[in-house]
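Visitor: Residue strings, one per chain:
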Amino acid sequence: MTSQQVEYWRWDEGNWADPNKNWKEAKVISAGVDIGSVSTQAVIMTDGELYAYANTRSGYNSRESANKAIGMALNGTNLKLENLDFTVGTGYGRVKVPFANKAITEIACHARGANFMYGPTVRTVLDMGGQDLKVIRCDGKGKVENFLMNEKCAAGTGRGMEVIADLLKVPIGKVGELSFEVDEEPPPVSTTCVVFAKTEALGLLKGGWPVPKVLAAYCSAMAHRVYSQIMTVGIQQDFVITGGIAKNIGVVKRLEKELGFEFFKKTNIDTQLAGAIGAALFAKGLYEKQGRR
Amino acid sequence: MEKKYKTTPLKLWDKAKEIRMNVYKEIAEAKEQGKLLIGGGAEGLIALATGFDHAFLVGEPYGASVAFLYKENPAFYQQIVEACDHAGYPRDLCSYMRNYLGSLLLDKYIFGGPFPKLDFCLQAGFCDTHSKWYQIVSEIRGIPYFSLDLLPFDWEISGESEKTKQLKREYITKQIHEAIEWMVKTTGRRFDDEKFIEGVTNEFESTSLWAKVCAANRAIPAPLDEKTMLSFYVLAVLARPKKEVVDFYRELLAEVEERVANQIAANPYERCRFISDSQPPWFGLDLFRVLESYGVVSLGAHYTFALSGGWEYSSEEETWNPARTPQERGIELKTRDDAARALADWWLTTGTVCRGVRHSGAGKIKRVMDIVDKWHVDAALIHLNRGCEGTALGQMDIVQALLKAGIPTMTFEGNHADPREYDEGRTFARIESFMETLGLKKIY
Amino acid sequence: MITAGIDMGAAFAKMVIVKDGELIGKGICKVTLEPEEAVRTVQELALKDAGVRPDEIQRVGATGAGRKLVKNADVVVTDVTADAAGANYLDKAVRTVIDVGGEEARAVKINEEGKVISFAVNDKCAAGAGAFIEAMTRALELPMEDFAKYSLKSTQKIPINAQCAIFAESEVVSLINEMTPREDICRAVHDGISDRVSSMAKRVGIEEKVVLIGGTAKNIGLLKSLEDALGMKITVLPDPEFVSALGIGILAAKDSEN
Amino acid sequence: MIKDFKEVYENRHEYAKDWRKKYPDRKIVGYMCSYVPEEMFYAGGALPVRILGSHEPQNVTEPYIFGMYCPFSRDVLAQGLLGRYDYLDAVTTAYPCMHLGQAFDSWTLHVTPKYFYVDMPNKVQTPHALPFLIGRLEELKRELKDWTGKEISDEDLKASIDLYNENRSLLRQIYEARKSVPCPITGTEAMYITTGNLLMDKQDANPLLKEVIEKELSRPAAKDRSPTRLMIVGSENDDIKFMEMVEQFDAVIVVDDHCTGSRYFWNQVKLGNGLIEAVARRYVERPVCPQRDYPERQRLPHVLNLAKNWNVDGVIVIQQKFCDPHEFDKVALLKFFESNNLPTLYLEFDVTVPVGQFKIRVEAFLEKLREDELW
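Chains as they are written, first to last, in my numbering: chain A, 1 to 293; chain B, 1001 to 1444; chain C, 2001 to 2258; chain D, 3001 to 3375.
Hints may contain errors.
[As the list claims (entries may be wrong)] With a straight-line Cα cutoff of 25 Å, these simulated SDA-like cross-link-like pairs (lysine to any residue) come out:
{"no.": "1", "chain 1": "A", "residue 1": "K169", "chain 2": "C", "residue 2": "R2138"}
{"no.": "2", "chain 1": "D", "residue 1": "K3330", "chain 2": "B", "residue 2": "L1106"}
{"no.": "3", "chain 1": "B", "residue 1": "K1442", "chain 2": "B", "residue 2": "E1424"}
{"no.": "4", "chain 1": "C", "residue 1": "K2224", "chain 2": "D", "residue 2": "K3210"}
{"no.": "5", "chain 1": "A", "residue 1": "K289", "chain 2": "A", "residue 2": "N75"}
{"no.": "6", "chain 1": "D", "residue 1": "K3330", "chain 2": "B", "residue 2": "E1139"}
{"no.": "7", "chain 1": "C", "residue 1": "K2202", "chain 2": "B", "residue 2": "L1106"}
{"no.": "8", "chain 1": "A", "residue 1": "K253", "chain 2": "B", "residue 2": "H1086"}
[Stated by the list, open to error] Some but not every residue of chain D turned toward chain B, in silico, with C-beta under 10 Å:
{"no.": "9", "residue": "H3055"}
{"no.": "10", "residue": "E3056"}
{"no.": "11", "residue": "N3059"}
{"no.": "12", "residue": "E3062"}
{"no.": "13", "residue": "P3063"}
{"no.": "14", "residue": "F3132"}
{"no.": "15", "residue": "E3143"}
{"no.": "16", "residue": "Y3264"}
{"no.": "17", "residue": "P3287"}
{"no.": "18", "residue": "P3290"}
{"no.": "19", "residue": "P3295"}
{"no.": "20", "residue": "P3354"}
Hints listed in this document are in silico derivations from the structure and should not be mistaken for laboratory results.
These figures come from a predicted structure and were not determined experimentally.
Built from N, CA and C at the ideal position, the CB exists for glycine as well.
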């Protein structure tokens, strides 16, 4: 794919800072940076409360991605890097965060982040990334009890959705809504294999299917794939979703249908931030425990 | 294009169906008729149980029946197969077993009602899967389990010593006695040696007769095509120790020989003679219809011929012929021990599929090349079966051997009982290419 | 006699015009969501390039995944046959044709008349060579050309298990995070694909002369890795992406003779 | 010393070729399953060496083994096809799983034609297994005589049994030492010892093992503080890379249940009635491969005892991708550990380990076992 073309699979970058908070009054300023295979997030917390964050694309160089993300987060606050008491890195690039004091896996961070975003009743967390699909069981504090990741197959992961969005020229953020613009639910596509997704989608289009119908078929196939993974761990309520996929109601609603209950737990925080939030919370705790290392 | 031969449907279709239905009916009604209901694998020595008034729920055909649901009742099929996935059994394990376990875990019998209450499991471990399969079943159901250990002969061509063969005969014979005593102790029922002798005698006859039916397919034109054969061979798989199965095969052999005599073909065009390998994708038998439309007749496979067919090796002719039963060799079975020895010996000397599972190597290749020669095979379509490590053993070496012998060969990956691993569209597309390379155009 | 050969691939439509066994024009265009449009476009392009009028075309041949979309085709064959005919037409010495496409890789063994002796196509999980490279160029933020060139500069061999093309991406991502030089990652990707393609090709019993055709044949990084994997010289035929189209163009003419 | 075993593990073919130079008139037999009664072959004057893979991607096996057989079986066959075992006089196996059976069949067709197929009973729990195996090993004794032209005397067999028994008891001593806290050697070092030992003449191995016991088990612990103690359970495993990866996170693998690890040497040949009977009994009674563990599950209590006696915090359950025997036990095994309050991490191995993907799983697992560090 050449860079001139519109890249529909890309989602928007952005940053945010709480204007009503004054970091100077905070006892602990902690940060979390989550470098995933596709996106990087940085979160800054004051005494364990969300203060500022940024959501960016991961580049080839993880160090740069980390610097870029934290830069964007600091930007809009008058904080400086050295004001951060403790920083935890997480995600694929967790050990590559140059200014981090510790690295913790996204498994632990997502569980804790979900606990912060959705509350202490959360017991099962689903996180879907570029090629990863994680089902995490946790307790009331957000401590991991058990987890499962997809083995040897990328079918049904975020990457597939990007491929489809790109092929159908639908911005990734719009895929969900559009997939409901069908009179009746079509049968799911036969495979969520990322390699074959393209041909199958093309086949359906050539067969005269409108774009929303193809999206619907793909979303439900993806939802089912996720469902199967969850069932092997066994689901325990409350169940919540973190990561980019949570924004795709096309998959979420269909997954609710498969599981037979609604994910009534809602959050007003960007679900892609879960990992970074968890990391920032660990950072706070570790700082209070041992001070800066 | 002109038809070369005349063709007629087989007369025995309905009868085969009727016998099959009776077997499943017997299983369903076993309990209320006070019969023992035994679960186990088809390649186990199912004649072993004939000393009891019993019904035998054979695992592999059940797994195949579940696979058939994929077309008839996809929702139900999905329920079953996913019950097994969700319980944590990996997807690359034997798909017959996974379909069976799925039904068991859901407690849904696909012929209606809950999964039948088995009294115990009886299994002869002729491949790695079977002995563990029924261990899991007996654990889920909390029922007793007995497994025989079958150490097959190596292929005759390997020069395995008589002493070793004798050891294997003894090993299995002793285990047959052990099994019978165990069953009597477990069930508290009487084991009728008369009926046992009759049962094994029938097993010999039906498997030998099936081999003769397969041998008749050497004729040009071929009287039978593989798809038809698969619906006949299943009787031997399900219930070969039954008298009615022996009688059925006798009738079938007569009809097939009559077809040969009158040049009645399975495919009136017969332009090209194929063999396959391993179990077919049971939910995708249209595969054979596609072949037919090019004037291709699929004659069978090492698997179809031998799973429940008795073949014996003739070192003089260096070929395999339908095995002669003990009766035909003038051996009389009087006691339980006579029957046990005969059964062990029969399994060891005529069970070529089982040998393929343990020692594929040169032996299985020689057997397949023998089929190519005696059945006048022009090309091969090999199902690389992800669902069965046992029958897939040695497949790639066989492909190499076929190509080396100048037999055009096409492979396709699939799974005999898990449609999720079989891509019909891509397979048919590949067959189209293959037919082009053979210079065959579609007739209809 | 003038014939047209159309290769309707999944991603691109290719067409050649052949006059008395001579290639006189060609055209290529992306297959859009309305493939019929691609058929029209590629015909216009090829005719223009050859400078012939539509009515001068005596016979039309079609191949490729979308071959049945070519309504006016007189001869229709699958890619395997077209690959063989095209390669044989360009070079009688060719015995093995390797075609690495976006999703499917093929190896076809042929004789001196271009007749197919045996062929192999990769199965499910081994698919996606092209898709893999595309995803990797994205992960490494490199345009395809550079991705290919970088690979040649590599100094160390890194094994990556590329059974599932997409899943292998997360292995690449961790390589990136271990600050592995781009050159070595690019090579690792090409090596991974080459191992798969050569494994499959060996099933047909490779004989020289071996040629690589299809769009990916232009990837010099892949070519190098594939040569190393097979331990053989591999020739890239001129206009590798048009070989199938040429093959069916030739067959269309042959077919009219008998 | 440990480095000597590492040396042999990394240069296994040079070792075998040097051995051949030392004993030009003796034979080398490659074996593919830990149920092969090595004592018999060694008594016959041959050197049994275990055939292992090389953990490199390869492109030579697809024409002979199709993709659903385990990566190990394909890696093993690749070594033969690549000519790295050209010094073997014969190969042998003992009724292995279908996957290694496939590798063995193709090997005899394309690499080493001469083979010994030991029909090891699969159902070791039947009383008839022992008499059968005794008979079969007597046959093997004859087959070996026909091959080497040399009759195996009782003295030969006795000497061979003693040598192998010594080897097993030395390895057992090393494992016993790993019970202590902190553990004197890492799991990676232990793997070098056990796998290196598989490739060696026990005459050479035993003195080296004694050295390890005297010099290296007494040395100050590998790590200053006591790291998390792990057990690793599953199919064949000589994946050094993986072991190093796990142990870089302040964890130590203190015991294993692998056919190339503890299962290989756990029980002795107990001399009793006849020598061959004693050998046969050892293989019938040894800790089982899951494939042979039926109708009763005897493997579970054994691995639980290992976990308890070596006092581990968690268990990593690994298997070669597509390994049926271990997949059949997966559900029961994981349930069993969890019900005994032993946390587990389950991983599927391929020829090469996807380090990045496994790191996350392993680190997350360790974070769970050490949660008080984070909370």
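Visitor: With reference to the structure, classify each hint as holding or not holding.
Guide: Going down the list of hints, with the structure as the test:
{"no.": "1", "hint": "A:K169 x C:R2138", "result": "18 Å, holds"}
{"no.": "2", "hint": "D:K3330 x B:L1106", "result": "20 Å, holds"}
{"no.": "3", "hint": "B:K1442 x B:E1424", "result": "18 Å, holds"}
{"no.": "4", "hint": "C:K2224 x D:K3210", "result": "50 Å, violated"}
{"no.": "5", "hint": "A:K289 x A:N75", "result": "29 Å, violated"}
{"no.": "6", "hint": "D:K3330 x B:E1139", "result": "14 Å, holds"}
{"no.": "7", "hint": "C:K2202 x B:L1106", "result": "45 Å, violated"}
{"no.": "8", "hint": "A:K253 x B:H1086", "result": "21 Å, holds"}
{"no.": "9", "hint": "H3055", "result": "21 Å, violated"}
{"no.": "10", "hint": "E3056", "result": "21 Å, violated"}
{"no.": "11", "hint": "N3059", "result": "14 Å, violated"}
{"no.": "12", "hint": "E3062", "result": "7 Å, holds"}
{"no.": "13", "hint": "P3063", "result": "6 Å, holds"}
{"no.": "14", "hint": "F3132", "result": "4 Å, holds"}
{"no.": "15", "hint": "E3143", "result": "8 Å, holds"}
{"no.": "16", "hint": "Y3264", "result": "20 Å, violated"}
{"no.": "17", "hint": "P3287", "result": "17 Å, violated"}
{"no.": "18", "hint": "P3290", "result": "8 Å, holds"}
{"no.": "19", "hint": "P3295", "result": "5 Å, holds"}
{"no.": "20", "hint": "P3354", "result": "18 Å, violated"}
The structure shown violates the earlier hints numbered 4, 5, 7, 9, 10, 11, 16, 17 and 20.
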